[in-house]
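Asker: What follows is the residue order along each chain.
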Amino acid sequence: MSAPLLQMNEVTRRFGGLVAVDRLSLAVQPGELVGLLGPNGSGKTTAMNLVSGALACHGGQIALDGRRISGLASHRIARLGVARTFQLVRVLGGMSCLDNVAAGLAFHPRGAHGAQARARAQSLLERVGLGTQAALEAGALTYIDQKRLELARALALAPRLLLLDEWLAGLNPTELRQGIALIRSLRDEGLGILLVEHVMDAVHALCTRCVVMNAGRKIADGPTREVLADPLVVRAYLGEDDEEAAHA
Amino acid sequence: MSRRTWAAWGAGAAVFAALALLPRWIGSDYLLSLAISVLMYGVLASAWALFSGPTRYVSLATVAFFGVGAYTTAVLGEVLPWAGVLAAALALGVAMALVVGLATLRLSGVYFVIFSFGLAELVKQLVTWWEVNVTQEIGRYVFVDITQQDIYWQLLALLALVLALRALIDRTRLGLALRVIGEDETVAVHVGIDTTVAKVLLFTLSAAFMTLAGAVMAPRWTYIDPSIAFAPVISFQTLIMALLGGAGALLGPLLGAVPLVLLFELLSAHFPNHFSILLGGVFMVIVYLVPRGLIGLWRRRSRP
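Here the protein sequences come in this chain order: A and B. The first sequence begins at 1 in my numbering and counts up by one. The second sequence begins at 249 in my numbering and counts up by one.
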């Protein structure tokens, strides 16, 4: 096998005395959909922030296609082909949906600006189901549509690696089915996807492999079905947060 | 460019050509000096909004640059030809803005506001210290062979330049980058925008215009000292004019500068002792009643 698309090697991040991510190692191959699971506060979002460069690593290395990206500024990582959505959705509220996506297109080597960007932005909006809302101000969209818009903006970066932070949370059953189909089609195009998710139906439907974290550490890594049956994983969920386990 | 864009540029050029001829018809010195005040604040507010409009970084450092420009003229006015004075002011303003920008544009929100205000005071105190300890004279006379009309034309040229520059930037990737920064800086870096470069570049361009405005205005005072050249009220008035008109739109700051310069002129002529109190009242009324600027009011009206 060639070098993985994403390789995290013994990555550590501390906040004061708290070790939020503790020597985490994981890999994502092109065209692979990996679930990153764990109870609340286990370090999943911090791990995402380390990959996207929003936070600096205190130890270990992160590489994209064999090239080290830990230590680079976020905008350089984004230009290399890492796109993300945010746990608390972030759209550019005062700008139109089309401009939101145009912002994703304008600043990377495979991107575009101006007249040619409009057509590409429009087709991305159509792909996430916002084709008719292009001129609408993003702040006026419903929460769900803002999530779709965020995904369209991430896709505008023409990423090789996509980080989805609870992107499927809060969708109704129909929207969830559409969302799952959309993410699957992205994987089929060869994107590597790292997915933080609590919606277990989606994890089962999408992820071939899962990494489970607890208190900053990786406690399981393997095929989804095996990992979720692992006693250590079950205890992490049931032992620490009853509500979370019931939800799962 | 579309036909509409060409028409807008044509109309702009025609308006500026007409304004350039205005001094020929203005007989009175008072009216000309009023026009100069309007232009000065037009330049300052438009330059302020060049950076602060799209990025929404509120700066109170306007007078730091303006004052440095004025002092450049005061110190070098008799030594260098006029073009040399302007070039020196430009170089100083750009150098100062680069240093300040690189050091501070990591700050955001209220921290940046406070820092920018502190910067203006710092520069004022440094100049005062220099004058007291080195030159041993606190005031300076500005002897430059420049007429009121020259000042008018030079300010008009600066205004045309700053507006044209903003119109051009708005159409580029840089313009889009600045708007994204103003909306959400975290998103900006995650779509690949080098926010430091964009912010420092625009902060510096904006400061360059402020510094030049100060250099051009200095001869009009004939006498300056640090409390005149670095008066904080210049920063506050610039800010409130840009906010009244609407800093997000190209012509917004100008729309705020014209009525407010006239209003402040009226207030300081009729109530010289209570001017500061009235000024404060005007600030509060504007912030309460037109938080999105006159342009914002008009846009909301015209929307169905």
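Accuracy of the hints is not assured; some may be wrong.
Which residues of chain B face chain A? A partial, calculated answer using Cβ under 8 Å [said to hold, decoys possible]:
hint : residue
1    : Arg-252
2    : Ala-412
3    : Leu-413
4    : Leu-416
5    : Ile-417
6    : Glu-433
7    : His-438
8    : Arg-547
Quick look at which bits of chain A chain B covers, simulated, 3 or more residues with Cβ under 8 Å [as the list claims (entries may be wrong)]:
hint : stretch
9    : 69–75
10   : 78–87
11   : 99–110
If you want the ones that stay clear, here's a sample from chain A, every Cβ over 12 Å from chain B, calculated [as the list claims (entries may be wrong)]:
hint : residue
12   : Ser-52
13   : Arg-90
14   : Gly-114
15   : Glu-150
16   : Leu-157
17   : Glu-175
18   : Arg-184
19   : Arg-235
Please keep in mind that the hints were generated in silico from the structure rather than gathered at the bench. Heads up, the beta-carbon is just placed ideally off N, CA and C, and yes, glycines get one too.
Asker: So, for every hint listed, does it hold in this structure?
Answerer: We went through each hint and held it up to the structure:
1. Arg-252: Arg-252 (chain B) check fails; min Cβ-Cβ to chain A is 15 Å, beyond 8 Å.
2. Ala-412: Given a least distance of 19 Å, the restraint on Ala-412 (chain B) is violated.
3. Leu-413: 19 Å, violated
4. Leu-416: Not OK, violated: Leu-416 (chain B) not within 8 Å of chain A, min 13 Å.
5. Ile-417: 13 Å, violated
6. Glu-433: For Glu-433 (chain B), the interface hint is violated, since the closest Cβ of chain A sits about 10 Å away, which is over 8 Å.
7. His-438: Hint on His-438 (chain B): holds, closest Cβ of chain A at ~5 Å, below 8 Å.
8. Arg-547: 12 Å, violated
9. 69–75: With 3 residues in contact (Cβ-Cβ under 8 Å with chain B), the coverage given for the stretch 69–75 of chain A holds.
10. 78–87: holds (count 5)
11. 99–110: Holds: 7 residues of the stretch 99–110 of chain A have a Cβ under 8 Å from chain B.
12. Ser-52: At roughly 6 Å from the nearest Cβ of chain B, Ser-52 (chain A) sits no farther out than 12 Å, so the non-interface label is violated.
13. Arg-90: With a cut-off of 12 Å, Arg-90 (chain A) comes too close to chain B, as the shortest Cβ separation is near 5 Å.
14. Gly-114: 8 Å, violated
15. Glu-150: About 9 Å separates Glu-150 (chain A) from the closest Cβ of chain B, which leaves it inside 12 Å; violated.
16. Leu-157: 6 Å, violated
17. Glu-175: Since the minimum Cβ distance to chain B is about 23 Å, Glu-175 (chain A) lies beyond 12 Å and the statement holds.
18. Arg-184: 24 Å, holds
19. Arg-235: With a cut-off of 12 Å, Arg-235 (chain A) remains clear of chain B, as the shortest Cβ separation is near 35 Å.
Hint compliance for this structure: hints 1, 2, 3, 4, 5, 6, 8, 12, 13, 14, 15 and 16 are broken, all remaining hints hold.
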